[in-house]
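Using the sequences and the accompanying hints, generate a full structural model.
Sequential numbering of the sequence shown, starting at 1026, is according to my numbering.
One should not assume that every hint holds.
To be verified - Result set (DSS-like, lysine-lysine): computed pairs, CA atoms no more than 27 Å apart in a straight line: (1) K1048 to K1213; (2) K1205 to K1159; (3) K1048 to K1212; (4) K1212 to K1159; (5) K1213 to K1160; (6) K1152 to K1213; (7) K1160 to K1148; (8) K1212 to K1160; (9) K1205 to K1160; (10) K1205 to K1048; (11) K1159 to K1148; (12) K1159 to K1213.
No lab work stands behind these hints: they were computed from the structure.
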Amino acid sequence: MVPELYEPDNGHEAIGSQLDYIKQARLHGYGVIVTNTNLNTDESSESNLNVTQRIRGSGCAEEHACYVWENFVLRCHARHICIMAHSYGGAVVLELAARYMPDFDRRVFAVALTDSPMRAYTKHFKKNVLAMLKKRTINWAADNHPVNAYLITRDYGEVRSAGHLLHEWTSYTAFPYIFKFFEDERKKFR
1026 MVPELYEPDN
1036 GHEAIGSQLD
1046 YIKQARLHGY
1056 GVIVTNTNLN
1066 TDESSESNLN
1076 VTQRIRGSGC
1086 AEEHACYVWE
1096 NFVLRCHARH
1106 ICIMAHSYGG
1116 AVVLELAARY
1126 MPDFDRRVFA
1136 VALTDSPMRA
1146 YTKHFKKNVL
1156 AMLKKRTINW
1166 AADNHPVNAY
1176 LITRDYGEVR
1186 SAGHLLHEWT
1196 SYTAFPYIFK
1206 FFEDERKKFR
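So this is what it looks like as C-alpha cells:
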C-alpha cells in the first residue's frame, strides 16, 4: 500500500508520484494495492445534486484502509505482504496491525514508512502491537544525515535518515533503500 504521496510540482514529477513505486514493485514480482486514504468524499459533478458525499467505507483514513484489508487483503492468497506508507500512513498501519493482528503478524513481513511522526501515534496502541511492528518496520525520517543512515530505534521500529530535510521528498530519496529493505526481508522466505 502506498498512501499519501504529495503532488508533483514544476518539473519534479517523479518526486511525488507513486508510479515509480508501482513500476519497481511490479518489476520485483509484487502484486500491488494502492490506497488513497485521504479521499473520503465524492465532490464530482455526478454526485447527488453536486453535494459533497461521504464515500462508503472511507469515512476516514483508517476506515478506508480497514475496508481495503477486509475486502481485498483478507481475501487474497498472498502469504507475504510488504507495506509502504508516508506520513499519516504510519497511523493507518498501526490501526491495521492492531485490528487484524493475527493476519498482519502472519503475512506482513516488512513495513516501510517515510517521515511518519510515529511517536505521536504509538501512545494509543498496545505494547504487543508495537513489539510486533518493531521486528519489521523502518521509518525513513526527514534528516540531513546521508540517506539510509541509522538514527535510532523506537518502540515501533528503526528510524533511518531519508537524506533530505523536506518531508515531501522523503519517499523519493528513500526509494532505493525501501526496495532493498523489502528484498532483503523477502529473501528470508526463499
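Hint-by-hint comparison with the structure:
1. Pair hint K1048 plus K1213 holds up; C-alpha atoms about 23 Å apart against a cutoff of 27 Å.
2. For the given pair, K1205 sits about 18 Å from K1159 by alpha-carbon distance, which is consistent with the 27 Å threshold.
3. This hinted pair checks out: K1048 and K1212 have alpha carbons roughly 20 Å apart, not beyond 27 Å.
4. This hinted pair checks out: K1212 and K1159 have alpha carbons roughly 19 Å apart, not beyond 27 Å.
5. Note on K1213 and K1160: the hinted pairing holds, with a Cα-Cα distance of about 13 Å set against a maximum of 27 Å.
6. Pair hint K1152 plus K1213 holds up; C-alpha atoms about 25 Å apart against a cutoff of 27 Å.
7. For the suggested pair K1160 and K1148, the alpha carbons sit about 18 Å apart, so the restraint of at most 27 Å is met.
8. Distance check on the hinted pair: K1212 and K1160 sit about 16 Å apart at the alpha-carbon level, within 27 Å; holds.
9. Between K1205 and K1160 the alpha-carbon distance is near 16 Å, which keeps this suggested pair within the 27 Å criterion.
10. Distance hint between K1205 and K1048 is fulfilled; the C-alpha atoms sit about 15 Å from each other, no more than 27 Å.
11. Distance check on the hinted pair: K1159 and K1148 sit about 14 Å apart at the alpha-carbon level, within 27 Å; holds.
12. For the proposed pair K1159 and K1213, the alpha carbon gap of about 17 Å is at most 27 Å, so the pair holds.
The structure is consistent with each of the numbered hints, conforming to all of them.
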